[in-house]
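Student: Spelled out, the chains give:
2 protein chains.
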Amino acid sequence: LAGLTSFGAAQAADPLPSWNDGETKQAIISFVEKTTKEGASDFVPPEQRIATFDNDGNLWAEKPIYFQLLYVIDKVKELAPQHPEWKQQEPFASILNGDPKKALEGGKPALMQLVAATHSGMTGEEFQQSVKKWLATARHPETSKPYTEMIYQPMLELLSYLRANGYKTFIVSGGGIDFLRAFAETTYGIPPEQVVGSSLKAKYEMRGDKPAIVKLPEVDLIDDKAGKPVGIYQNIGRRPIFASGNSDGDFEMLQWTTAGRGPRFGLLLHHTDAEREWSYDRKSHVGQLNKALDVASKEGWTVVDMKNDWKVIFPWGDRQGTPRQ
Amino acid sequence: LAGLTSFGAAQAADPLPSWNDGETKQAIISFVEKTTKEGASDFVPPEQRIATFDNDGNLWAEKPIYFQLLYVIDKVKELAPQHPEWKQQEPFASILNGDPKKALEGGKPALMQLVAATHSGMTGEEFQQSVKKWLATARHPETSKPYTEMIYQPMLELLSYLRANGYKTFIVSGGGIDFLRAFAETTYGIPPEQVVGSSLKAKYEMRGDKPAIVKLPEVDLIDDKAGKPVGIYQNIGRRPIFASGNSDGDFEMLQWTTAGRGPRFGLLLHHTDAEREWSYDRKSHVGQLNKALDVASKEGWTVVDMKNDWKVIFPWGDRQGTPRQ
Ligand SMILES: [Ca+2]
Ligand SMILES: [Ca+2]
Chain A
17 LAGLTSFGAA
27 QAADPLPSWN
37 DGETKQAIIS
47 FVEKTTKEGA
57 SDFVPPEQRI
67 ATFDNDGNLW
77 AEKPIYFQLL
87 YVIDKVKELA
97 PQHPEWKQQE
107 PFASILNGDP
117 KKALEGGKPA
127 LMQLVAATHS
137 GMTGEEFQQS
147 VKKWLATARH
157 PETSKPYTEM
167 IYQPMLELLS
177 YLRANGYKTF
187 IVSGGGIDFL
197 RAFAETTYGI
207 PPEQVVGSSL
217 KAKYEMRGDK
227 PAIVKLPEVD
237 LIDDKAGKPV
247 GIYQNIGRRP
257 IFASGNSDGD
267 FEMLQWTTAG
277 RGPRFGLLLH
287 HTDAEREWSY
297 DRKSHVGQLN
307 KALDVASKEG
317 WTVVDMKNDW
327 KVIFPWGDRQ
337 GTPRQ
Chain B
17 LAGLTSFGAA
27 QAADPLPSWN
37 DGETKQAIIS
47 FVEKTTKEGA
57 SDFVPPEQRI
67 ATFDNDGNLW
77 AEKPIYFQLL
87 YVIDKVKELA
97 PQHPEWKQQE
107 PFASILNGDP
117 KKALEGGKPA
127 LMQLVAATHS
137 GMTGEEFQQS
147 VKKWLATARH
157 PETSKPYTEM
167 IYQPMLELLS
177 YLRANGYKTF
187 IVSGGGIDFL
197 RAFAETTYGI
207 PPEQVVGSSL
217 KAKYEMRGDK
227 PAIVKLPEVD
237 LIDDKAGKPV
247 GIYQNIGRRP
257 IFASGNSDGD
267 FEMLQWTTAG
277 RGPRFGLLLH
287 HTDAEREWSY
297 DRKSHVGQLN
307 KALDVASKEG
317 WTVVDMKNDW
327 KVIFPWGDRQ
337 GTPRQ
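Residue numbers (full-length UniProt numbering), protein chains in the order written: chain A, 17 to 341; chain B, 17 to 341.
Some hints could be false.
Any copy will do: because identical chains look the same in the list, a pair fits if it lies in one copy or spans two.
With a straight-line Cα cutoff of 30 angstroms, these simulated BS3-like cross-link-like pairs (lysine-lysine) come out [said to hold, decoys possible]: (1) LYS184 <-> LYS124; (2) LYS241 <-> LYS217; (3) LYS226 <-> LYS299; (4) LYS219 <-> LYS93.
Don't read these hints as lab results, they were simulated from the structure.
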């Protein structure tokens, strides 16, 4: 019985079992311990323990392309019968011809047309239902897993570990806020009110005798790069003490977070594992990591080397099909 | 000892001691009990227990005028030496001549000029410091109490009661979000991330070698009337099941809240006590309550008759100077 108890204690002593022992894991644990130890000089009161996490390529994967774009593509196909004009009209025509890359050559205006056609004109509740329905059946083109299983096991443990230590965890993503809210609570344990993302404007109107919030085809906030600290300030109202991201889109969020007084932690995930996940950084179109990688050491940010720091990638295994050990 | 224990239990049995027994108090308690009793048909899972509260005239008083306007007036006077041109320039000139009523005759453009001059151009952190400093010394013109003591004791009890039952309490106010955030946590126990309010746009920039969020003189959201459900949707991401307000500015918030499926509660505070607080409704410039009062009964909203439903007004007593019983 005594042996059983001490085995239990040893298990409980590792809050991050999918992280390999080493400097990265140790840096995270030291930070959490020093900020939560009452009386310590680095103690942070619970209400100030705000931790923000980027989503794409940070909590879930982002290859071959942002999953939200795959939703847009599927949705354009689903809506096409109601829009015969799309056959002759870019960027829709290229999507329907199976050439999304060409569709996206139209840059931001093309993307905005696609977002407007698939993300607006319905109520917020209808949009979220549509996303939930898609997530229930769509599969990742390479692993054939649901997108909500393309999530990183070590990050799930980190979210739980922070919450167990009185941290409030937020998503701060360039992705659409309503898209994220459709799965963040069940997938990550992060409730809608703790999601910050890019957003469209919305209006309140009566639909018959029922009031509704209707999404408009007009951008409210692009929650990326310098938009991230702005989104955090407007939605959360205070500076995080812990921020985690994986690309140059997170540069300003990490910079603002770690420039504050007192203990601060910046975590930068570097995709280095071509076998178990994907390997990409400076030249990638999706999740480019260049400038932030250059300054990480000078800024005191902790860089996660996915290949060496992570024992497990996805909850079920890795990209090669090797099941979780 | 047994007597002591049952006395303790009896005390604990009244979660709203400053509310007189009657239909209003009973309606609140019945709602909270049925939504939190596991297995009951009206049970609501904790994560959906979202309660939103208007602030001015609902959590704290709003007479003779919105307290945030009194901050604006004091701030204009404080800043005047740096702006000699204000002596000849409306709406500033009238403020400096002690005639704020005339200054506000300029309507929305005048108000926006005053807000821009006093709420923008500094960092969010600097603005909040300024508000905190003001709240520490400014006094209500009639009661001579700090504004943060012009709060309603029965509403403090309601906030605590809801939170003790797993509700997450939010402020949803037409007032400025950063102004509210400067005192909501210490005064109401509502953290910055649970405050929704009117907001200015903001930008991220370097000030020397330090990054900062700077408030811009441009409106982002007017969180009033139809702006309230929009602000709730964008910031909280789901429909409340409990909403509380006191004026026509809360009409759409209550309408949207109570039109949802399942158990819903709309609470409308009617200022009926000219002696202990103020009495006003349909013709008041501040906190006008007209349309919402007309439909309250049809919509099933519970109207608080302040005079009859509240045993105590402020934590320290009432407007007459009668100390709290
Ligand atoms: Ca990312
Ligand atoms: Ca009000």
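Student: Against this structure, judge whether each hint is valid.
Tutor: Now for the hints, and whether the structure bears them out:
| no. | hint | result |
| --- | --- | --- |
| 1 | LYS184 <-> LYS124 | neither (33 angstroms within a copy, 38 angstroms between copies) |
| 2 | LYS241 <-> LYS217 | both (20 angstroms within a copy, 16 angstroms between copies) |
| 3 | LYS226 <-> LYS299 | between (50 angstroms within a copy, 29 angstroms between copies) |
| 4 | LYS219 <-> LYS93 | within (27 angstroms within a copy, 38 angstroms between copies) |
Hint violations for this structure: number 1 only, all remaining hints satisfied.
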